[in-house]
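Enquirer: Sequence:
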Amino acid sequence: MPILKKLYLVLLPILLFIFTLAGTVFYHFASNHTKQMYFDKVQSDVNTALVAAEYEQLGLSLLIKDIGSSLPFLRYIQSPRDSTSLPRLEKRVFHILNQPHISQFGQHHIYVVDPKFKLTLSTLKPDPIEGLKIPDSIYEKIFDIYTSLTNNNTLSYQGFSYLSVGGELRYAYVQVIDSYKHSTDKSETHRSNKYILIADGPLKQLSNLLIKYNDQRHVQLSIEPSYDVSNIKNTQFVIKSINQTKGNINVQMRSRHLHAQINIQEQKFNRDKAVIARYTLFGSLTTLSIIMLILDLIVRYQLVRPLKDLLHEISIGGHKLRYFKRSSGQSEIDSIKNAYIDSLTELKFEAEFDQLTKLANRRSFIRHLTIRLKSSMSPRCFLVCWDIIDFRKINDLYGAKVGDSVLISLATAIRKTLQDQQSSLGFSYNDYSLARFGGNQFIAILEIDEHQRINEEIENINNAITGTTFLDYYGFRLSLATGVLPVNTPKFKEVWYRCIDEMLTKAKSHSDDNSRIVYGEELLHTLERHDVIEKKLLECCENDHFELRFMPIFNAQTLNIDGAECLIRCPSLSDIEAGPDEFIPVAEKSNLISRIDMWVITTAIKSYKELSEIHNYKGSLSINISAMELYNRNFSDNIAKVLERYQVPSDNITIEITETSYVKSNKLTVQTIESLRELGLKVSLDDFGTGYTAFNQLLHYPIDELKIDKSFINNIVEHKADRKMVDLMINLGHSSGTLVVGEGVESIGQYQYLKEANCDLIQGYLFCKPLTYLQFIDFIRNHDAQAVLKTHTISDTDPDEIIIALTNKG
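Residue numbering for the sequence shown follows UniProt numbering, starting at 1 and increasing by one per position.
Certain hints may be false.
[Said to hold, decoys possible] Keeping only pairs whose Cα atoms sit at most 27 Å apart, straight-line, the calculated DSSO-like set for lysine-lysine is:
hint	residue 1	residue 2
1	K91	K35
2	K35	K246
3	K204	K133
[Stated by the list, open to error] The following label-pair restraints were derived from C-beta to C-beta distances:
hint	residue 1	residue 2	range
4	C381	R326	31 to 37 Å
5	R372	R477	45 to 51 Å
6	R477	K506	48 to 54 Å
7	I129	D215	35 to 41 Å
8	D82	P225	50 to 56 Å
9	K493	R326	23 to 29 Å
10	Q671	K769	33 to 39 Å
11	R477	A339	25 to 31 Å
12	L524	R372	18 to 24 Å
In short, the hints are calculated from the structure, not lab data.
Just so it is clear, CB atoms sit at the ideal spot from N, CA and C, and this is done for glycine as well.
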């Protein structure tokens, strides 16, 4: 999944949650704020209107006092029958009402009611022809006042508010004036000769406010006279109470003369809430979109695009450093790119160079050689390889740490020597021209000019390399096996790898240090011969074109047949004179040895069954196997299957392994040997004396038989050292509880010495050569041990040979 999509999948839900929470909080805050602002505005409007109403009421009271104290009014109430007093009063009243400071606040009216409750003056005359008029609301209130005065009651209030027919809120101020007393004298207001003077005017702001709010839905404003003014005193207005329920807000406000009540239902704010919700949703989505867009642009251009560019570079460059260039930027992507280059550099070094010696490894050297072979190479170019002879002894004697130090020092010496040599000749040299080819093997590409001889250059290089090297206070004089192969060798690409092994193997087999340089041209014929042998071996494996030979083994004292050793022959290779000593190593290198071993084992066990059941053979049968079989986990199981198939007792079958494979034993090889012994098979150690088997190994990994190598038997008559060695081997074998076999006996002196030395078993051409199956049957049928003993008595032997043998033994 792309990183941008992952970011959206993670970030979008988080942002949605945050914005939903923030939007909810903002919605509630904005709703409450809007409600509070509306509430404050209503209070402010009502407050202003109430204050204005107080001033308007005060103006009416002053208007009443002005008219009531005027001379025309006093003349009228004192001489009501005078026909001129009332017109003068009307003139005076209209004059006062038309003054700007009164008319600008609305239309005012003056009414006069005489003591007989007759309306004598009214400014409310829409038509001059019509009679005097007074609003019904005022008339009802005046009637109540008049009734109260008739009952000698005092005037309890001086004004009242009412709604006109047109819906306007008006205020009427009433004053009772005695015709005989001054209007300010209230002590005689209970008398019946009293005029009622009424001033009526609009409460303009309250009227507008009523129209404004009562036209709105879910809002109700009502204005009533205020009767309880005891707590108000000089205050113009107060808020009496605020009652808030779930669905309503009820506010009561009071001035000195008026009481306002505002009822606001919660539905009033639904529209505002919807608007707030829409704006909140729109704002949240817009903000979220902007943030996501900004994040998208930032991530896309600051992260995704640089990452894609980096991935594109990686996809093109792969693991090749030459396609990458370090970045000088300071961003995280630049750091990642540089870190990748560093990691790739380290990985490339680990993949292409040996971690111990820091030289190129086998793989990188082969790749470098392949590239150079494809390019133009000088015909004077050579492939040179070195192998430390007996390097294992250094590890065994001094430990792996010292051995590693030797390898490091040798690698350094080879590198420096080759660099100096190539630089002096003007040839190029790079890190891949020299490599650690194996455990203690090194290989290099070397060029010389036409005036030089390769053998002299190699000797000079080896002399420089093998100088005494001091490591941890130890000095080593290294012996090197060296192989040299010209690059212009025919079929170089096909043969060079195999030729290295052959050259080093042959060089290490030489005993003279000066002759341990082998040139590849000498081995081309050997490699070709190996190819021929391998091809014929493959044909023989497919068609079972092998033969088995039986080499009898005799009791050294009685010369009775104790057993026989099975030897393989390949008739197809006899025309090129390739025997087992030659074609068995070829089979091991070509991975054919397991098939050949199983053919030998199967054929030998099948033959043993026939020999024991048909020909009454009582001896054992020894089968040689390759050392490689000790690393085969299924080897013992395969032998068990063959034994079970032919129903052959395992205690008469001996498996022979070479001593060199026994010396190099590890956990797997030891397990294989133990598995063979658990099957009841006997194990014989062949070629004993050539591998320097430790006595400790014989004790911990016991075997049943030791076979002294023929190289020690050959010279026991002439050389005292070989006789001592053979005596030691026989004593070692007997001390370990094993039988000792002397192989390769070819003379009477050798036989007599081995017999006197208490060797258990012997075999060799002196008594019998390898036989075919039918020949072996005839041999065991006709064998007469006593006749053989008589044939090989001392009297029949060469006197000089017997004297030497017995003298040396004595």
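Enquirer: Does each hint fit the structure? Answer for all of them.
Expert: Hints and how they fare:
no.	hint	verdict
1	K91 <-> K35	violated, 53 Å
2	K35 <-> K246	holds, 14 Å
3	K204 <-> K133	holds, 22 Å
4	C381 <-> R326: 31 to 37 Å	holds, 35 Å
5	R372 <-> R477: 45 to 51 Å	violated, 34 Å
6	R477 <-> K506: 48 to 54 Å	violated, 22 Å
7	I129 <-> D215: 35 to 41 Å	holds, 37 Å
8	D82 <-> P225: 50 to 56 Å	violated, 37 Å
9	K493 <-> R326: 23 to 29 Å	violated, 38 Å
10	Q671 <-> K769: 33 to 39 Å	holds, 37 Å
11	R477 <-> A339: 25 to 31 Å	violated, 47 Å
12	L524 <-> R372: 18 to 24 Å	holds, 21 Å
Hints 1, 5, 6, 8, 9, 11 from the list above are not met by this structure, while the remaining hints are.
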